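Protein chains in written order, with the working numbering: chain A, 1 to 395; chain B, 1001 to 1515.
Keep in mind the hints are simulated off the structure, nothing from the lab. From a predicted model like this one, the values you see are computed outputs, not experimental measurements. Some hints could be false.
[Unchecked claim] If you anchor each label on the Cβ, the simulated ranges turn out as follows:
{"no.": "1", "chain 1": "A", "residue 1": "SER185", "chain 2": "B", "residue 2": "THR1341", "range": "54 to 62 Å"}
{"no.": "2", "chain 1": "A", "residue 1": "LEU216", "chain 2": "B", "residue 2": "LYS1401", "range": "30 to 38 Å"}
{"no.": "3", "chain 1": "B", "residue 1": "SER1027", "chain 2": "A", "residue 2": "GLN202", "range": "50 to 58 Å"}
{"no.": "4", "chain 1": "B", "residue 1": "ASN1416", "chain 2": "A", "residue 2": "THR366", "range": "52 to 60 Å"}
[Said to hold, decoys possible] Keeping only pairs whose Cα atoms sit at most 25 Å apart, straight-line, the calculated DSS-like set for lysine-lysine is:
{"no.": "5", "chain 1": "B", "residue 1": "LYS1031", "chain 2": "B", "residue 2": "LYS1205"}
{"no.": "6", "chain 1": "A", "residue 1": "LYS201", "chain 2": "A", "residue 2": "LYS218"}
{"no.": "7", "chain 1": "B", "residue 1": "LYS1273", "chain 2": "B", "residue 2": "LYS1205"}
{"no.": "8", "chain 1": "B", "residue 1": "LYS1380", "chain 2": "A", "residue 2": "LYS259"}
{"no.": "9", "chain 1": "B", "residue 1": "LYS1345", "chain 2": "B", "residue 2": "LYS1273"}
{"no.": "10", "chain 1": "B", "residue 1": "LYS1401", "chain 2": "A", "residue 2": "LYS201"}
{"no.": "11", "chain 1": "B", "residue 1": "LYS1359", "chain 2": "A", "residue 2": "LYS282"}
{"no.": "12", "chain 1": "B", "residue 1": "LYS1051", "chain 2": "B", "residue 2": "LYS1165"}
{"no.": "13", "chain 1": "A", "residue 1": "LYS282", "chain 2": "B", "residue 2": "LYS1380"}
{"no.": "14", "chain 1": "B", "residue 1": "LYS1345", "chain 2": "A", "residue 2": "LYS198"}
{"no.": "15", "chain 1": "B", "residue 1": "LYS1345", "chain 2": "A", "residue 2": "LYS282"}
{"no.": "16", "chain 1": "B", "residue 1": "LYS1286", "chain 2": "A", "residue 2": "LYS274"}
[Claimed, not checked] Going by beta-carbon spacing under 7 Å, a handful of chain B positions derived as facing chain A:
{"no.": "17", "residue": "ASN1115"}
{"no.": "18", "residue": "VAL1250"}
{"no.": "19", "residue": "ILE1343"}
{"no.": "20", "residue": "ILE1347"}
{"no.": "21", "residue": "HIS1349"}
{"no.": "22", "residue": "ILE1375"}
{"no.": "23", "residue": "LEU1378"}
{"no.": "24", "residue": "THR1382"}
{"no.": "25", "residue": "VAL1395"}
We treat Cβ as the ideally placed atom computed from N, Cα and C, and that holds for glycine.
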Amino acid sequence: MNSLIAIMKKNVRQYMMVIALAVAMIAFGFLTDGIFFRPVNLTNLVLQNSYVLILAVGMLLCTLTGNVDLSVGSIVCFIGALCGVMMVDLQWNPYVAMLLAIIVGVLIGMWQGFWIAFVNVPPFIATLAGMLVFRGLGQVIMKGQTKAPFPREFQVISSGYIPDPFGGAVVGTTTLHLFTLLIGSIIVALIIFGEIKKRRKQQQYGFDLLPTGIWLAKVLFIAAALLAFTVVFAVYRGFPNILVLLGILVVGYQFVASKTVQGRHIYALGGNRKAAELSGVKVRWVMFWIYTNMALLAAVAAMVFTARLNSATPKAGQGFEMDAIAACYVGGSAVSGGVGTVIGAVVGGLFIGVLNNGMSIIGISTDWQQAIKGFVLLAAVAFDLYSKSRSSKVA
Amino acid sequence: MADRSTLLSMKHITKSFPGVKALDDVSLDVKTAQIHALVGENGAGKTTLMKVLSGVYPYGTYEGDIFFEGTHCTFANINQSERAGIVIIHQELALSPYLSIAENMFIGDERAKYNIINWDKTREDALEYMKLVGLNENPNLPVNKLGVGKQQMVEIAKALAKHAKLLILDEPTSALNEKDSAHLLEILKELRDTNNISSVLISHKLNEVAAVADSITILRDGRAIETLEVERDQNGTASISEDRIVKGMVGREITEMYPKRDNPIGDVLFEIKEWTVSNPDNPERKKLDGVNVTVRAGEVVGLAGLVGAGRTELAMSVFGRSYGENISGKTLIEGKEVDITTIPKAIAHGVAYVPEDRKEHGLVMIQNVKENITIAKLEKLTKMATINEHEENMVAEEYCKRLNVKTPTILQTTGNLSGGNQQKVVLSKWLFSDPRVLLLDEPTRGIDVGAKHEIYLIINALAAEGMACLLISSEMPEIIGMSDRIYVMSEGRITAELEGKTATQEEIMRNILNN
Chain A
1 MNSLIAIMKK
11 NVRQYMMVIA
21 LAVAMIAFGF
31 LTDGIFFRPV
41 NLTNLVLQNS
51 YVLILAVGML
61 LCTLTGNVDL
71 SVGSIVCFIG
81 ALCGVMMVDL
91 QWNPYVAMLL
101 AIIVGVLIGM
111 WQGFWIAFVN
121 VPPFIATLAG
131 MLVFRGLGQV
141 IMKGQTKAPF
151 PREFQVISSG
161 YIPDPFGGAV
171 VGTTTLHLFT
181 LLIGSIIVAL
191 IIFGEIKKRR
201 KQQQYGFDLL
211 PTGIWLAKVL
221 FIAAALLAFT
231 VVFAVYRGFP
241 NILVLLGILV
251 VGYQFVASKT
261 VQGRHIYALG
271 GNRKAAELSG
281 VKVRWVMFWI
291 YTNMALLAAV
301 AAMVFTARLN
311 SATPKAGQGF
321 EMDAIAACYV
331 GGSAVSGGVG
341 TVIGAVVGGL
351 FIGVLNNGMS
361 IIGISTDWQQ
371 AIKGFVLLAA
381 VAFDLYSKSR
391 SSKVA
Chain B
1001 MADRSTLLSM
1011 KHITKSFPGV
1021 KALDDVSLDV
1031 KTAQIHALVG
1041 ENGAGKTTLM
1051 KVLSGVYPYG
1061 TYEGDIFFEG
1071 THCTFANINQ
1081 SERAGIVIIH
1091 QELALSPYLS
1101 IAENMFIGDE
1111 RAKYNIINWD
1121 KTREDALEYM
1131 KLVGLNENPN
1141 LPVNKLGVGK
1151 QQMVEIAKAL
1161 AKHAKLLILD
1171 EPTSALNEKD
1181 SAHLLEILKE
1191 LRDTNNISSV
1201 LISHKLNEVA
1211 AVADSITILR
1221 DGRAIETLEV
1231 ERDQNGTASI
1241 SEDRIVKGMV
1251 GREITEMYPK
1261 RDNPIGDVLF
1271 EIKEWTVSNP
1281 DNPERKKLDG
1291 VNVTVRAGEV
1301 VGLAGLVGAG
1311 RTELAMSVFG
1321 RSYGENISGK
1331 TLIEGKEVDI
1341 TTIPKAIAHG
1351 VAYVPEDRKE
1361 HGLVMIQNVK
1371 ENITIAKLEK
1381 LTKMATINEH
1391 EENMVAEEYC
1401 KRLNVKTPTI
1411 LQTTGNLSGG
1421 NQQKVVLSKW
1431 LFSDPRVLLL
1441 DEPTRGIDVG
1451 AKHEIYLIIN
1461 ALAAEGMACL
1471 LISSEMPEII
1481 GMSDRIYVMS
1491 EGRITAELEG
1501 KTATQEEIMR
1511 NILNN
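Isolated chain A (complex conformation) (with noise of 0.2 Å):
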């Protein structure tokens, strides 16, 4: 026992957010009878959320430098805005739109990155001007209008779910998505296997190693979740189109961080600037590629978004960008910089994501909802602190 209170104060950080997150939800899901856990309600819940999640990932490389992005809702706004003038009013190819509207989302980026990194202006500044110039620019080009209604191809993303080849299972009353069960069945087999394979190589090297059996109830934790996920998700339609893209971002940008050298040099800058930059990391182009990198999902969130309420509007987007920063300092980013990981931030996302659903179900007003997300930040990075000034006495 005592080991297990030692191990859980050792790793308290990394597995206080998982836990939070389970703990959340299984709350709710008494508090609320049940419907938190309805088909319907998780794929909503993955539906609300995404466009936050995405600008999460993207944000969470900016907190590794020790800056945010206060931009990303307007960009969202002024690309939504675009997508609805080439779409709705030019009536274009939705395609070659959606390709358009990612280019200029790197433009943007490229634009912002440009003034952060080479004319080193800090970029809270230059972002809080891009939040100020694409709200703006956003209002200009839909000259106040809403635009609506968008092609079917568009709306998809945000609206599909996969297909199934295999045409479904009828269980009683309920189809069940074989194609769905079938991936989160590999995607369970495909972690089983990688911890084993992690676990072999820390054996190896002699790294500090979980005991066996909290290793397993960990390993064995994470399975049955997906996998019931899966199932919920099969019950329903399927996975939606969005969680296959968000699950396609957070594996992509999780391995870009932590297995390339791009992803090292991004944590060495936010770990040490100028160590990084004597070390041979050219920062200046680190911290250009970074915000290019925010703006090009923040593209990608606003079409995510648009395709779902499948209308542009000049309101779109707005907070946005303080519900991504709240999901990384939630998921374990340090303010300083240098800490932090992409599931991490996806977590964090969640759990506020979990708060709001559940808080809506129950009927907490959404004032209220604020305020309290608003102490779960508060109380994250307090801990955040107060763990960390624990542990470097101890040290």
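We have chain A; now place chain B onto it with these hints.
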């Protein structure tokens, strides 16, 4: 000068940092109305001693006792020492540039009633203290309109406004020209003679010390070596010469500390030619002026000089132009000019720089040992944009073994290691980058004796492998003990080139001072 009771008495002060004893049983007595100079090499413990005195290191974090005006002092912070009458004036001035002289003088001690500032009283009081230091300016003038010399006077006036009985001046003249320096020293003498105010003067400029000090305490390696009382004849000539002070500062024996190296020395490997660099904060001023340095394969070349002489600036400006503006000059490797104008290019050409400031410039403290070792040349471990974790672990293990880095695992957070082991991680990082030219900037600063010895062995092994090593150090025994050749640097120029075997500390010190 009859009335000379003891004002300050520091008894048996010992102050340790993790891995180093910065002060070891140091005692210091300062009398009323006395200018007491504190001299010693960099790292001798002068600044640490003054930080202990002024409460920057609070009572309880050091051993020993401090008595000021006969009372036992237990300062918890700088405010308490100032209230007692001990005011420290730092090397970097602590003035708020856009506030006026008067405002600066009373920061934290505003002339106010019910929290409302009385500006007439502020100006009136300011003028009174300004007169004491001979500062003839409008008290409403923002301090950034003043020259450095006058800003220094504002600092002293500010200290007097706090009713200082003892002024501590840390290198007060290092940024001043001769005229301003002379004026400042005059003021110190005047305050001593008319106001009975004592000063502790920390200075590298031994001519100044010899000119004004009544008493000189020499620190070396955290110990008080001796205190010299200065008598003056009628012409003001001091009884203590500069040479006498130098002898006390460096009079240390070189023992087995520095391991022997007898590898053959090869051809010229690395050359710096006519290297001239401007100070980025003040582009008109040259920080380095026409510096020529050559290092042969297998040779360790020392670069001696005081802090501020331009040694670090030389290494950093050469290493990917990471310091300075308007850089001109050539760098050659094996006789061919090489482009090392960015850090990645410098690394690609096999130039490595081990920085002076390990914490700020050398390591990412929150990352683990492995990540720090491989950061400078991750490409070596990368296939298809992916870092090969297995190989990375092997490399980290290999270097930890080779350099004897004491760490539980390579996943240990680097900030948790001792200073010596951190330094070995920095060395590992650069060795992994396959260097041919090693620029070592104070590689043994702040680490204990045992770890120092290990670093020397590593340097010797690298030289034996044929690397060209340029060793910057403020510890003269280290320079002499380690170097085949020594360049002496002073105010941005090379002032002498000495044989490592025959050089003496006195010779180096003389070449530094007689620039």
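Evaluation of the provided hints:
1. A/SER185 x B/THR1341: 54 to 62 Å: holds, 55 Å
2. A/LEU216 x B/LYS1401: 30 to 38 Å: For B/LYS1401 against A/LEU216, whose Cβ atoms are near 33 Å apart, the range 30 to 38 Å holds.
3. B/SER1027 x A/GLN202: 50 to 58 Å: holds, 54 Å
4. B/ASN1416 x A/THR366: 52 to 60 Å: For A/THR366 against B/ASN1416, whose Cβ atoms are near 45 Å apart, the range 52 to 60 Å is violated.
5. B/LYS1031 x B/LYS1205: Distance of about 22 Å is within 25 Å: holds.
6. A/LYS201 x A/LYS218: holds, 18 Å
7. B/LYS1273 x B/LYS1205: violated, 30 Å
8. B/LYS1380 x A/LYS259: holds, 14 Å
9. B/LYS1345 x B/LYS1273: holds, 19 Å
10. B/LYS1401 x A/LYS201: holds, 20 Å
11. B/LYS1359 x A/LYS282: The hint holds at about 20 Å.
12. B/LYS1051 x B/LYS1165: Judged against 25 Å, a Cα distance of about 17 Å means the pair holds.
13. A/LYS282 x B/LYS1380: holds, 17 Å
14. B/LYS1345 x A/LYS198: violated, 36 Å
15. B/LYS1345 x A/LYS282: holds, 11 Å
16. B/LYS1286 x A/LYS274: OK: B/LYS1286 and A/LYS274 at ~24 Å, within 25 Å.
17. ASN1115: violated, 31 Å
18. VAL1250: violated, 32 Å
19. ILE1343: Since chain A brings a Cβ to about 5 Å from B/ILE1343, closer than 7 Å, the hint holds.
20. ILE1347: holds, 5 Å
21. HIS1349: At about 12 Å, which exceeds the 7 Å cut-off, the nearest Cβ of chain A leaves the hint on B/HIS1349 violated.
22. ILE1375: holds, 5 Å
23. LEU1378: B/LEU1378 check passes; min Cβ-Cβ to chain A is 5 Å, inside 7 Å.
24. THR1382: Holds, about 6 Å.
25. VAL1395: Violated: closest Cβ of chain A sits about 12 Å from B/VAL1395, beyond 7 Å.
In the structure shown, a violation is registered for the earlier hints numbered 4, 7, 14, 17, 18, 21, 25, in ascending order.
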